[in-house]
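Student: If you want the building blocks of each chain, they are given just below.
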Amino acid sequence: MKKGDFQRLAVNPPAYANYFGQPRVLLGTLGIVELNINGFPFPGWSTVEKSRQVAHIILPVLNKLKGVNWSFQSEMSELDSIQRRFLLERMQITYAMAARNEACHVLINDKQDMEAYVNDEEELLILRFFPGEEDSISRAEDTCRKLRDELTELLPVARHPKFGYLSACPEKTGSGLWYSFLLHTPAMQILNGNRQLQTELEQLVPMDPQPLFPRGNGAHAGLYWLHTYTISFGKAARRTMEKLHIAVNDIIALERRARTRLLMEPKKRQKFLALLEKMLVKTERGEVKTFNASLEALSALQLGHELGLLRARRSKASTTKLFSAAYFDIAPTSLALKQKLLSPRRRHEARIDYLRKLVHEKLELQPTFRQQKS
Amino acid sequence: MKDLALCRDCARARGVFDPRKLSLSHNVFPAELSGEVEEFIRRMLDGVLSEGDEEGIGEKSSPLPDLLTKCPTCNYSLENYRELGMLGCPECYKIFASELTSPQGSSNLETMAHDPGAAPDFGDSPDMERKRLETLLQIAVNEENYEEAARLRDLIKTLPKT
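Taken in order, these protein sequences are the chains called A and B. For the first sequence, my numbering assigns the number 1 to the initial residue and increments by one for each residue that follows. For the second sequence, my numbering assigns the number 1 to the initial residue and increments by one for each residue that follows.
No wet-lab data here; the hints were simulated from the structure. Heads up, some of the hints might be wrong.
Far from chain B, by Cβ distances over 12 Å, these chain A residues were calculated [claimed, not checked]:
no.: 1; residue: ASN192
no.: 2; residue: LYS340
no.: 3; residue: HIS360
Some, not all, of what chain A presents toward chain B, calculated at C-beta under 8 Å [unchecked claim]:
no.: 4; residue: ASN12
no.: 5; residue: ASN18
no.: 6; residue: TYR19
no.: 7; residue: PRO161
no.: 8; residue: CYS169
Think of the CB as a built atom: it goes at the ideal place given N, C-alpha and C, for glycine as much as any other residue.
Go ahead and model the full structure; you've got the sequences and the hints to work with.
Tutor: See the structure below:
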């Protein structure tokens with residue numbers, strides 16, 4: 001069953017996009033609820049027929065959830081390869097889900113801050129995004145717990161009295177829910193601090209930093225997604241979460257310190273100003289064309305604007321909004337889907353044009369510092 | 001175990017004197033396995049009863065090891081788990097419980113099994129707690145673990161009524 005218009009979904013970016021480039025480091029928290037149905041094989045080992053039965057059990061319950069308006073719902077077999085790639089690029093499906101067809105369903109709510117996967121790695125996986133950095137973790141915890149309990153009431157979920165909620169991976173037994181954090185650390189990226197930070201954090205808590213956007217290897221523009229490798233539950237889970245909280249607070253403090261260093265330390269400041277100049281020139285000359293290079297340019301210019309080193313023609317709120325949308329507008333599948341640009345060369349041209357218009361026409365970014373003569 | 005006092009005729013009628021008709025497997029093994037177990041018992045008895053049978057158990061491998069290492073719901077084997085570190089279905093947690101909690105199994109799960117906080121304890125409501133205890137009680141009764149069942153029954157009684 002397909003419900004909702006994909007183009008309409010594509011026009012509006014996911015909820016977390018609205019928080020890109022805000023002065024905050026932690027863009028938000030992703031709460032994840034994972035459940036399986038009793039008496040059925042986990043999706044990786046299930047037959048299509050069994051998976052269909054699972055979907056028949058789960059889908060009506062999802063549609064009855066209180067306060068949730070699914071504006072898009074589709075079986076994976078109804079989505080073409082570009083649509084799948086598009087959802088994958090925006091973190092709205094997983095790689096495993098992108099490869100699936102019959103009996104696997106994706107549901108996205110109207111605000112695009114909640115997604116449900118049926119027959120992905122687990123039989124039911126719900127992702128819920130909570131923006132902000134002050135209370136997003138506690139809000140995620142409360143809301144996801146309520147959601148999990150509500151689903152436990154409505155579905156015959158697989159739960160063991162000793163091990164808790166059951167999943168295909170026994171190391172995640174008892175989970176039912178876990179959290180991850182979406183971070184943006186452009187200053188540390190510029191100071192090459194992310195790699196060192198990652199090594200230090202891994203000693204504190206075993207975790208898996210993945211690129212937030214784009215999906216793939218290597219976090220560009222300091223955008224990444226932090227979650228634990230495995231999580232055991234009950235007391236052990238609380239200890240892990242406490243460590244993760246400490247780690248996230250450390251990252252926030254380090255990024256803020258890196259921003260201060262970029263402003264206050266003469267050598268670092270010179271390096272950053274040179275980078276901003278370079279980015280202004282390169283976007284004007286049309287030398288930034290690949291997606292990753294564009295992300296780096298956007299991230300640096302936006303940071304320069306936030307730190308008062310670049311002045312824009314528009315208000316701060318309007319500038320932030322335009323920057324945030326840009327991260328998604330220049331993505332490969334976004335260009336392929338919206339403008340039917342299928343060849344890399346045409347996408348490069350579109351990106352060059354987009355960045356030039358954004359930086360030099362819409363925002364008219366100008367340095368507030370004295371430019372060096374080249 | 002169930003004791004039956006039967007007269008000779010009743011015993012004959014129930015097939016007690018012909019072991020091949022005695023269906024123990026229904027009482028011991030899950031329904032899905034009973035067919036395979038019966039087949040195994042029949043072949044074993046055939047081998048014992050008919051000496052010199054070419055298809056005796058000594059000459060043909062027994063299906064029993066397979067039965068103990070495969071999940072009847074999803075057909076997932078212990079070897080699969082050892083290789084991939086993942087399980088096939090919720091039933092696998094019961095079938096492979098000893099492997100999962102052994103030092104060779106998942107060390108994480110082993111820690112959890114000995115951690116009183118292993119089961120979800122995110123501040124369950126009394127309703128949830130009651131349901132959890134009732135499930136545990138049902139399991140204890142099914143396993144004929146009456147001491148544990150009595151303890152759980154008393155715990156349920158202490159919960160506030162909703």
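Student: Evaluate each hint against the coordinates.
Tutor: Outcome of the hint check:
| no. | hint | in the structure |
| --- | --- | --- |
| 1 | ASN192 | holds (34 Å) |
| 2 | LYS340 | holds (41 Å) |
| 3 | HIS360 | holds (52 Å) |
| 4 | ASN12 | violated (33 Å) |
| 5 | ASN18 | violated (29 Å) |
| 6 | TYR19 | violated (26 Å) |
| 7 | PRO161 | holds (5 Å) |
| 8 | CYS169 | holds (5 Å) |
Hint compliance for this structure: hints 4, 5 and 6 are broken, all remaining hints hold.
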